[in-house]
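S.K.: Produce the complete structure using the sequences and hints provided.
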Amino acid sequence: MRQGLVVQGLSKSFKGAPHPALEEFSLSLAPGSCTAVLGPSGSGKSTLLRTVAGLEIPDRGSVLLDGQDLATVRPERRGMAMVFQRPLLFPHLNVLDNVAFAARIRGVPRRRARADAESFLELVQMQGTGRRAVTGLSGGQQQRVAIARGLAARPAVLLLDEPFSALDPELRSAMHELLSHVREQLNPMVLMVTHDRDEASAVADQLALISEGTLLQHSSVEAMYTRPVSLQVSRLMGGTNEVPGTIRGGVHYSALGAHALPADHPWAEGPATLLIRPERIIVLEDHNPGLPAVITRIRARGPRRLMTVEAAGVTLNAEETTCPHPAPGDTVRLQLPTSALAAVAPQPTAETSALISPTPKVPA
Amino acid sequence: MFLPETEVLITRSRPKPRVPGALLAVPAIVIVAFVVVGGSAMVTAQSLGLMPLVGRPELSTAAYTAHGGDLLVGGGLSLAIAGTSTLLACLIGFMAALIMMQGRWCGKLVAAMSSLSIPLPHIVGAAATGLLLADSGLLARVFGTAERWPPLVGGPWWAAVIFEYAWKESAFVGLVLAGTLATRSVDYEETAALLGAGRLGRLRHVLLPLSLPALMTSGTIAFIYSFGSYEVAWLLGRPYPEPLPVMALRLYNSVTLTSRPEAAAVAVVTAAVSLCAVLMALAFLRKIPLWR
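Just so you know, the sequences run in chain order Z and H.
Just so we're aligned: 190 in this note's numbering is position 190 of the first sequence, and the numbers increase by one with no gaps anywhere.
Just so we're aligned: 609 in this note's numbering is position 245 of the second sequence, and the numbers increase by one with no gaps anywhere.
Wrong hints could be hidden among the right ones.
Here are the simulated distance ranges between beta carbons [what the hints assert, rightly or not]:
1) H:D551 <-> Z:R112: 24 to 30 Å
2) Z:V73 <-> H:M459: 23 to 29 Å
3) H:T425 <-> Z:R112: 56 to 62 Å
4) H:P384 <-> Z:R235: 52 to 58 Å
5) Z:N187 <-> H:W469: 54 to 60 Å
6) H:L451 <-> Z:S165: 41 to 47 Å
7) H:G432 <-> Z:R112: 53 to 59 Å
Straight-line alpha carbon distances no greater than 25 Å define the calculated SDA-like cross-link-like pairs of lysine to any residue that follow [stated by the list, open to error]:
8) Z:K15 <-> Z:P40
9) H:K472 <-> Z:A17
10) Z:K15 <-> H:Y428
Since the hints were derived computationally from the structure, they do not count as laboratory data.
Every value quoted in this text rests on a predicted model; they were computed, and no experiment measured them.
C-beta: ideal position from N, C-alpha, C; glycine also.
M.R.: Structure follows, in structure tokens:
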């Protein structure tokens, strides 16, 4: 019976490193799920993936796949395939034989292995390229073939180590579509690491945020954005609005006034920082109801504009919404939807943040 | 469906400034051509009787047939010695490269020993091998079995000669392979392992194919050197039959001045066989996708 992948208390240190690559890291993946481990460079993402794959031996902790401890299982017997940042296609084999590699290793006759490989090439929209040399493919095509090769090994877990980070934005979007397509077709269990929030949100059901080898939060994509468990999580997820105050009876009191917090969670009483993402603040023209504020700065972000506003002595960042021609100095009205609010402890610790914010969800 | 229009093939056909590059190579080409083409032409002419020390030039193949039987036997012997020692050098060198790639203390030790072997001249290696393997040598004395010691030096199997070449050339092959594998082997090995390949599978399906071009080129160089050098076989081999380079040296140093064309004929045959080996190696390399 498939129970998924469970990582328990994984710790790993490298000689000379200032802090452990992994520190008591625990994570659960349900069968068929896609979890993205998100974190800045050097946070231990790749070490986690390599340890799960058996390429690194952990100092402590265990990796269980469908209930089996993999501590003594060699990488080649773990039933995992990894796609790296570089495609690493074998240069001495053509496209088809690269995809057929795992089958050939298992002793499948060449003709059958190649026929099987053709079907995986078709899955990644690379049909008809089997006879070509891998060096003649573009970066995106090579990464498609690498994914096909990994899938053709029929792994219990597909590990993706920033596989699209070297591709241009257009190609990355195409690869995200491809991954969704593959998931629809084969429903593999996927563990992916990336430092790109948008990419993680685009491809994964669950996010695990890691920093300095420690798991900060594991939750759904939406919860990661709207219910961060700490200020650190909020900041790593791009949150910039932090309003100090106090919670009493499910209402946050601050310089901005009283704001009811979402009723679907029991918010702990006491000092707390109110959080709201810039894109969730509604900015309206002055004649509308809402919190009065003055625009102090406007910055262009491609097609969007990021406004800095001052409301009751509090500086907030908001993305322009309905104002037709905002300019610095204009008076506007802000609305902070209750569903978009969250609160965390002002000085986050493992204990207090757990008391104030929702417990990270672990997939069943 | 998901292929964006901008995803295009990488083409290798970039315009290259050929003329300036060729001009830069001219000095080297002139020197090499002078030595190789000039030397080969002179030796060939001498072997065909066109440059006699005494008498009138006359086109003749007599130098090739003067020692016809010995030339064939010597050629076969040289091929056997060079072939066996090259095979051993490739096997040992490949294993040494794999050990070096592990990066542990034993790998570093093997790399250091290989690096030390390279600057030692073959003549020194041959003398050391003789002192080590002869029936009066160090090993025979250490084990106290001089009477029953096999004839490794000067014996019928040319064991000491093959040993010396294999030792020296395996260091060369090992370092060349280690340099080739260093840039790529770890990543490809890990990829292969995660696709289910065990150690032997990785060796057979990944490391060996990745090493093959470097193995072929370094092996060919080792073969040609072993085939064409005389000093090791001259010091550690038997007086008869003679490998081609030893025969060429003896004939060239002969008091009989008319032996010079015969020495040249042996040298021409040696060079021709070496050239054939290079052409065969290149033909084989062209079939390897990685080389292409």
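S.K.: Look at each hint and say if it fits the structure.
M.R.: Results for each hint:
1. H:D551 <-> Z:R112: 24 to 30 Å: Given a distance of about 28 Å, which is inside 24 to 30 Å, the answer is holds.
2. Z:V73 <-> H:M459: 23 to 29 Å: 27 Å, holds
3. H:T425 <-> Z:R112: 56 to 62 Å: 58 Å Cβ-Cβ, so the 56 to 62 Å window holds.
4. H:P384 <-> Z:R235: 52 to 58 Å: 55 Å, holds
5. Z:N187 <-> H:W469: 54 to 60 Å: 47 Å, violated
6. H:L451 <-> Z:S165: 41 to 47 Å: For S165 of chain Z against L451 of chain H, whose Cβ atoms are near 45 Å apart, the range 41 to 47 Å holds.
7. H:G432 <-> Z:R112: 53 to 59 Å: Because 56 Å falls inside the window, the suggested range holds.
8. Z:K15 <-> Z:P40: 21 Å, holds
9. H:K472 <-> Z:A17: Roughly 24 Å separates the two Cα atoms, so the pair holds.
10. Z:K15 <-> H:Y428: Violated, because 68 Å separates the two Cα atoms, which is more than 25 Å.
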